[in-house]
Amino acid sequence: MLLEVDNLHATAAGTPILKGLSLRVGPGEVHAIMGPNGSGKSTLAHVLAGREGFEVTAGTVVFRGKDLLAMSPEERAREGLFLGFQYPVEIPGVNNIYLLRAALNARRRHRGETEIDALQFMRLAREKARLMQMGEQFMSRGVNEGFSGGEKKRNEIFQMTILEPALAVLDETDSGLDIDALKVVANGVNSLRDGQRSFVMVTHYQRLLSHIEPDFVHVLAGGRIVRTGDRSLALDLEARGYDWLVAASG
Amino acid sequence: MVAVFDAGTLLPAVSRLTPPDGVTLHRLDGAQGRLAWEASLEGDSRENDNALASLNAAMLSDGLAIEVAAGVTATGPLFIIHGSGPERMAHNRLVLRLRPGSSCTLIEQQAGTGASAANSVTDIICERDSRLTYIRLQDGADAAFHVAMQRISLQAGAEASLFGIDLGGQLTRNDLRVSLDGPGASTDIHGLFFADGRRHVDNQTRVDHRAVRTRCSEHFRGIADGAGRGIFNGKILVHRGADKADAVLRNENLLLSRQAEIDTKPELEIYADDVKCAHGATTGRLDPASIFYLRSRGIGADEARRMLIAAFAREIIGQLPVDSLVDHVVGLLGSRLPDLADVGTAP
Ligand SMILES: Nc1ncnc2c1ncn2[C@@H]1O[C@H](COP(=O)(O)OP(=O)(O)O)[C@@H](O)[C@H]1O
Ligand SMILES: [Mg+2]
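Here the protein sequences come in this chain order: L and Z.
Everything in the first sequence is counted per our numbering, starting at 1 for the first residue and increasing by one.
Everything in the second sequence is counted per our numbering, starting at 251 for the first residue and increasing by one.
Because the hints were derived from the structure by calculation, they are not lab data.
Glycine included, each C-beta is placed from N, C-alpha and C at the ideal position.
Keep in mind that a hint or two might mislead.
Claimed, not checked - Quick partial rundown of chain L residues pointing at chain Z, CB under 7 angstroms, derived from the structure:
1) L69
2) A70
3) M71
4) P73
5) E74
6) A103
7) A106
Said to hold, decoys possible - Here are a few chain Z residues that sit away from chain L, every Cβ distance over 10 angstroms (derived from the structure):
8) E292
9) S540
10) L587
So that you can see chain L by itself, here it is in the shape it has in the complex (with noise of 0.2 angstroms):
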């Protein structure tokens, strides 16, 4: 297994939000979060990455092999996860560039790897830009400063593309994005798919799912998972809403 979650529970300010979730993903595959709006989704996203103003209250993560929660933030990303955030935050004066070089050099490093260049990090931020069909002077600006909602999403992606992680949680990076925009991407992804690599997307809607075809869809109410299945369960989904299930899980 890539990623175990075992019976986690997690609070924030002190109020139970996460209450003994479960889930495991294994190499290569792609997990479809879907569940109600105050579920706990982001939540997950954001104990998985290790943010402060959680606290995990019982439980286990274990991620390839390793107790995920003893780690800090960055000890994880250079193990290699990634959070594709719902709402990314905009640091002006904080080159996008500079910050994917700096971060990819950390992850190197840690993994004893010879750091990247400027010139060959150009040559390779330029590739994964015309793939993410981001201009120049996007890369170049400071870190989410002035993007659009849309651009913000496209530039997780990019990111991601670039620190090839081996496990990407992307929070409902879907939102807000029109077709175009959501195949940019679903192609980022994509290129990202090699068989080892394995993806946990929140979403609300199915037809990310047209895109990237996951292997299993989870649905997360009160802090919990109550029903996994196949494609099929997120088609239920978009057809009858999560009342049904909700109510079913009690």
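Given the coordinates of chain L, assemble chain Z with the ligands onto it according to the supplied hints.
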């Protein structure tokens, strides 16, 4: 041109005193020094209401008066370095006059080593339609004392872009006075200060709008860490008759520790009609969401904080007109950041 002073005395041997075409230099030393100084000011009334400026005038023993001839664009920056060794006191004096339609860039670096003390006065007269870029960079030792005053007057149509960057020094007090004397005179003022350890940086600025259609945009940023203390008092005065003046004053401060303190007082006093004025000040801490974003990409916690501090400073430093200088100053600040005590910790 590079002029190097040590404890207030010009060192011709390590200077390059050949001025660019159209620029003349007068040394303000010896028996003729005082006369030359007074002549360079051309009776421009400099009320010595400041005790340290008066002391500077009384102690005058060396300095430079620079003049850029009418219509001349001086090639390359005029670079003045005020150094001072430990236990020494320097009285630095500089006069720059830009004749009508001329332009130049003046860089004044103040860098005392050890427990030195410097008292610097810089007078700049920008005549009609001249263009000035003035950069003051203070990067003294942590034990050094720096007191400085710049009095800058702008005649009709003159424009001045002014930078004041204070990175070091035990005790720093800087007075910037800009007088917009002629119609259409305009200035952009960019300030940055950094106080860590037990260091104290005090910036007092005053801009006088004395003529119609004068414009001022002033932007100061301060960073304090450890038990450092910063003060920013910025005053803009729009005098009677200075109608259609346009003035903006902004100050943003970043506190990196619980004990760090920055006091700010932006002030606008307006006695004219039809003016456009705004001012505001904020003081905050590093944004935890931004720190987390960077860490989630694999950047270490300390490095993430350093990046954000540099980004905050870059809003000012990035305005410097010379790219190599931007990198240089970012580097100077960066070299001071490893010492950060408890940077970024929530209060
Ligand atoms: N930092 C926080 N402090 C307090 N409550 C929070 C915090 N973050 C999230 N919550 C609460 O946790 C619940 C789940 O939120 P979230 O994980 O963002 O849901 P989703 O992403 O599924 O819409 C919501 O009720 C939300 O208000
Ligand atoms: Mg969410």
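Exercise for the section: Output the numbers, in ascending order, of every earlier hint that fails for this structure. Expected result: 1, 2, 3 and 9
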